[in-house]
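Chemist: Sequence:
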Amino acid sequence: MSLLNRIKELCIEYEISLTQLEKELGFSNGSLSKWDRISPSIYKLEKIADYFSTSIDYLLSRKNEGIHPKTLGLTQKINLLNDEDYQLVKQVVNRLL
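In terms of this note's numbering, the sequence shown opens at residue 47 and continues consecutively.
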């Protein structure tokens, strides 16, 4: 899978468009679409990997192991919770498992 396709896949899981991702990370408009032809800098790869809580290896399809994209999406949403809501989610998950 290409780098751009991997990023598109993650955007779908996180319910964010490429344009929104570019804005949030401070990239120029349309810059991600060029990554099929031009290699991005390591700095930009790091920003994308950090945003999606994944590794650069995963983005580059060098390592398909690890966290499933659905889990990544949930992780990002959980990170937005306040402490009280986080504890509630944790209790629910523990009861389900």
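Quick caveat, the hints were computed from the structure, so don't treat them as lab data. Certain hints may be false.
Said to hold, decoys possible - Here are the simulated lysine-lysine pairs, DSS-like style, with alpha carbons at most 27 Å apart:
#	residue 1	residue 2
1	LYS136	LYS123
2	LYS54	LYS69
3	LYS54	LYS123
4	LYS80	LYS54
5	LYS90	LYS123
6	LYS90	LYS69
7	LYS69	LYS136
8	LYS116	LYS90
9	LYS136	LYS116
Said to hold, decoys possible - The calculated label-pair distances, taken between Cβ atoms and stated as ranges, are:
#	residue 1	residue 2	range
10	TYR97	LYS136	19 to 25 Å
11	LEU71	TYR132	23 to 29 Å
12	SER107	ASP131	20 to 26 Å
13	ILE102	LYS123	41 to 47 Å
14	ILE84	ASP131	40 to 46 Å
15	ILE124	ASP82	18 to 24 Å
16	LEU71	VAL138	37 to 43 Å
17	SER85	VAL135	16 to 22 Å
18	SER99	VAL138	18 to 24 Å
19	LEU143	LYS123	39 to 45 Å
20	ILE84	GLU130	42 to 48 Å
21	ASP103	ILE124	36 to 42 Å
22	MET47	LEU71	31 to 37 Å
23	GLU70	ILE124	17 to 23 Å
A quick note: this is a predicted structure, and the numbers were derived from the prediction, not measured. The beta carbon of each residue, even a glycine, is placed where N, CA and C say it ideally should be.
Chemist: Please go over all the hints and tell whether each is borne out by the structure.
Modeler: Tested hints:
1. LYS136 x LYS123: Distance ~13 Å between LYS136 and LYS123 Cα, so the pair holds.
2. LYS54 x LYS69: holds (15 Å)
3. LYS54 x LYS123: holds (18 Å)
4. LYS80 x LYS54: Measuring from Cα to Cα gives roughly 13 Å; hence the hint holds.
5. LYS90 x LYS123: At roughly 22 Å apart (the allowed maximum being 27 Å), LYS123 and LYS90 satisfy the hint.
6. LYS90 x LYS69: holds (13 Å)
7. LYS69 x LYS136: With Cα atoms ~32 Å apart, LYS69 and LYS136 exceed 27 Å; violated.
8. LYS116 x LYS90: holds (23 Å)
9. LYS136 x LYS116: holds (17 Å)
10. TYR97 x LYS136: 19 to 25 Å: holds (23 Å)
11. LEU71 x TYR132: 23 to 29 Å: Between LEU71 and TYR132, where Cβ atoms are some 25 Å apart, the hint holds.
12. SER107 x ASP131: 20 to 26 Å: Violated: the Cβ-Cβ distance is about 35 Å, outside 20 to 26 Å.
13. ILE102 x LYS123: 41 to 47 Å: Since ILE102 and LYS123 have Cβ atoms about 23 Å apart, the given range 41 to 47 Å is violated.
14. ILE84 x ASP131: 40 to 46 Å: holds (41 Å)
15. ILE124 x ASP82: 18 to 24 Å: At roughly 32 Å between Cβ atoms, ASP82 and ILE124 fall outside 18 to 24 Å, so the hint is violated.
16. LEU71 x VAL138: 37 to 43 Å: violated (32 Å)
17. SER85 x VAL135: 16 to 22 Å: At 39 Å between Cβs, range violated.
18. SER99 x VAL138: 18 to 24 Å: holds (21 Å)
19. LEU143 x LYS123: 39 to 45 Å: violated (19 Å)
20. ILE84 x GLU130: 42 to 48 Å: With Cβ atoms ~45 Å apart, the hint holds.
21. ASP103 x ILE124: 36 to 42 Å: This hint is violated: roughly 23 Å between Cβ atoms.
22. MET47 x LEU71: 31 to 37 Å: violated (21 Å)
23. GLU70 x ILE124: 17 to 23 Å: This hint holds: roughly 18 Å between Cβ atoms.
Against the hints set out earlier in the document, violations occur for numbers 7, 12, 13, 15, 16, 17, 19, 21 and 22.
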